[in-house]
Amino acid sequence: AQSVTQPDIHITVSEGASLELRCNYSYGATPYLFWYVQSPGQGLQLLLKYFSGDTLVQGIKGFEAEFKRSQSSFNLRKPSVHWSDAAEYFCAVAPWAGNMLTFGGGTRLMVKP
Amino acid sequence: GAGVSQSPRYKVAKRGQDVALRCDPISGHVSLFWYQQALGQGPEFLTYFQNEAQLDKSGLPSDRFFAERPEGSVSTLKIQRTQQEDSAVYLCASSLGSGQGADSNQPQHFGDGTRLSIL
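Chains as they are written, first to last, in the numbering used here: chain A, 11 to 123; chain B, 164 to 282.
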């Protein structure tokens with residue numbers, strides 16, 4: 011069975027600082043990998059996805075993520091965080107893009123002024 | 164509309180009542196998913212439709228949960244005899260393709276969810 015682990019439940023960074031959110035997955039083959047963001051009271055917005063090819067993928071809002079097969083990781087990064095980035099971030103895995111998603115427990119990002 | 168629409172946004176019910184949650188997917192989207200998100204947790208899969216066919220209902224927690232998509236568009240998630248542990252946000256997502264072949268790269272688009280509170 012596939013699973014996703016997000017080791018950090020909460021992260022606080024200062025505005026302008028860099029950010030890295032960790033994601034580790036367990037899956038028998040190369041999965042489809044996603045990062046979603048959820049603001050309070052809102053649904054999930056897709057930040058970026060990895061299917062194949064270049065292991066460094068660019069997403070919206072200045073986010074990027076790197077797929078590392080040897081570490082079973084798909085960490086999310088942003089070079090300079092803005093106060094509006096404060097939200098809950100979810101990593102997810104699926105056998106293919108249109109299949110059911112398995113989510114991690116999420117990381118809540120807080121941004122200090 | 165341009166996105167996935169869910170209604171109601173908030174629902175409060177007394178324990179034992181039946182509730183129905185509606186999802187209106189993006190027009191033309193073949194696949195539709197329901198997820199349950201408990202407070203402070205990630206969403207968990209409930210069920211999946213491809214057009215009107217319910218292909219996977221392995222995530223439904225009990226036989227009190229029932230979902231349908233009779234015309235391959237709007238879907239309804241029904242919970243009978245609600246219990247307090249049913250309190251959660253119920254998210255609906257749709258994707259363009261069936262997930263196979265040329266459509267396999269189409270991601271899911273989520274609605275804003277229905278927050279269900281059982282008193």
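Bear in mind the hints are in silico, worked out from the structure with no lab data behind them.
Be a bit skeptical, because a hint or two may be false.
Claimed, not checked - Calculated Cβ distances over 10 Å to all of chain B for the following chain A residues:
1) ASN34
2) GLN81
3) VAL91
4) ASP95
5) ALA97
6) GLY108
7) LYS122
As the list claims (entries may be wrong) - Interface residues of chain A toward chain B, partial, derived using beta-carbon atoms under 8 Å:
8) TYR37
9) GLN52
10) LEU54
11) LEU56
12) PHE113
Note that beta-carbon positions come from the ideal geometry of N, C-alpha and C, so glycine has one too.
**OP:** Would you pick out the hints that fail for this structure and give their numbers low to high?
**Re:** 6 and 8
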